[in-house]
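Asks: Sequence:
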Amino acid sequence: MKTTSRSVRRLRRSLNPVRVGGALFVLVVVIVTILVPLLGLPDPQAQNIPEKLGGIGTPGHPLGTDRFGRDLLSRLLHGARIELVVSIGATAVALVVGVTLGMLGGFLGRFVETITMRTVDVILAFPPIVLALLIVTIYGPGIVTLIVTMGILFSPRFARLTYGQVVTVRNLEYVEASRVFGNSTLRTMLTVVLPNVAAPIIVQLPLTLATSILLESGLSYLGLGVVPPTPSWGLMVADGQRDMIANPALVALPSAVIVATILAFGLVGDILRDWLDPRRGMASNL
Numbered sequence: 639m640k641t642t643s644r645s646v647r648r649l650r651r652s653l654n655p656v657r658v659g660g661a662l663f664v665l666v667v668v669i670v671t672i673l674v675p676l677l678g679l680p681d682p683q684a685q686n687i688p689e690k691l692g693g694i695g696t697p698g699h700p701l702g703t704d705r706f707g708r709d710l711l712s713r714l715l716h717g718a719r720i721e722l723v724v725s726i727g728a729t730a731v732a733l734v735v736g737v738t739l740g741m742l743g744g745f746l747g748r749f750v751e752t753i754t755m756r757t758v759d760v761i762l763a764f765p766p767i768v769l770a771l772l773i774v775t776i777y778g779p780g781i782v783t784l785i786v787t788m789g790i791l792f793s794p795r796f797a798r799l800t801y802g803q804v805v806t807v808r809n810l811e812y813v814e815a816s817r818v819f820g821n822s823t824l825r826t827m828l829t830v831v832l833p834n835v836a837a838p839i840i841v842q843l844p845l846t847l848a849t850s851i852l853l854e855s856g857l858s859y860l861g862l863g864v865v866p867p868t869p870s871w872g873l874m875v876a877d878g879q880r881d882m883i884a885n886p887a888l889v890a891l892p893s894a895v896i897v898a899t900i901l902a903f904g905l906v907g908d909i910l911r912d913w914l915d916p917r918r919g920m921a922s923n924l
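Just so we're aligned: 745 in the working numbering is position 107 of the sequence shown, and the numbers increase by one with no gaps anywhere.
Worth flagging that the hints you see were computed from the coordinates, not collected in a lab.
Hints should not be assumed to be uniformly reliable.
Label-pair ranges, simulated between beta-carbon atoms [to be verified]:
(1) Gln879 to Val656: 46 to 54 Å
(2) Gly904 to Arg756: 28 to 36 Å
(3) Thr829 to Ile694: 31 to 39 Å
(4) Leu679 to Asp881: 27 to 35 Å
(5) Ala684 to Tyr812: 29 to 37 Å
(6) Gln683 to Arg644: 50 to 58 Å
(7) Val760 to Val670: 17 to 25 Å
(8) Gln685 to Ala730: 32 to 40 Å
(9) Val786 to Ala894: 37 to 45 Å
(10) Phe764 to Pro833: 32 to 40 Å
Small disclaimer: the values here were computed from a predicted structure and weren't measured.
Glycine is no exception: its CB is placed at the ideal position from the N, C-alpha and C atoms.
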């Protein structure tokens with residue numbers, strides 16, 4: 639009970655109006671993404687040339703239309719689904735690959751540590767956007783390519799974080815006790831070590847999601863991400879540039895949504911960091 643009470647107190651201390659607003663924004667984006675097929679919005683890919691470049695407040699199109707007469711609100715909301723699918727998929731790949739490399743290198747040490755950490759160093763040697771451009775150019779744009787590419791690019795942050803945490807705890811008493819009781823190396827890593835190093839990994843998740851959205855938007859903006867006419871926020875910004883004088887909302891709205899979503903995930907990361915780090919809770923009591 640005391641542990642639960644301390645956890646609740648830390649959670650309360652980690653909250654403020656700005657962070658709560660960010661968390662609520664993320665929750666709204668997730669809910670809308672799930673429910674968007676049920677909202678009765680126009681087909682985001684359906685063209686209606688007579689109604690092209692409609693401004694905000696156009697009848698039947700609350701946020702206006704693009705140069706092909708496609709509904710901007712529908713494209714924004716369906717684009718949110720694409721952004722979340724890509725970012726969650728990439729983060730999941732990065733989590734699995736990175737944590738696996740970090741756990742193996744940190745716990746087994748020696749030869750395995752050399753192989754895993756040098757692999758991470760090779761990936762880190764290339765700027766992410768340059769490596770992403772190279773891979774996408776070779777294999778072609780598409781959602782699957784984006785997920786795998788960004789998952790590989792973001793795996794080093796999880797690998798290094800996990801490695802550092804595992805090295806810190808691998809020789810502690812409770813780990814040695816697990817070995818003494820006859821648990822296998824794999825069982826010890828999964829049931830003893832991983833739960834005790836999970837907090838900073840969890841904190842890293844929303845930050846990686848935010849970075850994934852930014853990178854996906856950038857690649858789509860360059861024409862190397864989501865394939866048209868599938869709606870994507872970065873693609874919407876690129877398309878809207880051609881007609882931004884006639885209808886500034888074509889660029890302003892998707893850009894604002896990208897920025898707001900990235901900031902919101904960052905605020906969620908701040909909440910998790912202050913909540914899951916007991917040292918911050920102790921510092922607050924001094």
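Asks: All the hints need checking, so say for each whether the structure fits it.
Replies: How the hints compare with the structure:
Separated by about 31 Å at the C-beta atoms, Gln879 and Val656 break the suggested range of 46 to 54 Å. Distance hint check: the CB atoms of Gly904 and Arg756 are about 31 Å apart, consistent with the given range 28 to 36 Å. A beta carbon spacing of about 55 Å between Thr829 and Ile694 contradicts the range 31 to 39 Å that was offered as a hint. The hint said 27 to 35 Å for the Cβ distance between Leu679 and Asp881, and at roughly 21 Å that hint is violated.
Our hint of 29 to 37 Å for Ala684 and Tyr812 is violated, since their Cβ atoms are close to 59 Å apart. At roughly 51 Å, the beta-carbon separation of Gln683 and Arg644 lies within the given 50 to 58 Å, and the hint holds. For the pair Val760 and Val670, the beta carbons lie near 39 Å from each other, so the given range of 17 to 25 Å is not met. A hinted range of 32 to 40 Å for the beta carbons of Gln685 and Ala730 is consistent with their spacing of about 34 Å.
Take Val786 and Ala894: their Cβ atoms lie about 29 Å apart, and the range 37 to 45 Å is violated. Under the hint 32 to 40 Å, the C-beta atoms of Phe764 and Pro833, about 33 Å apart, fit the expected range.
Taken one by one, the earlier hints fail for this structure at numbers 1, 3, 4, 5, 7 and 9, listed in ascending order.
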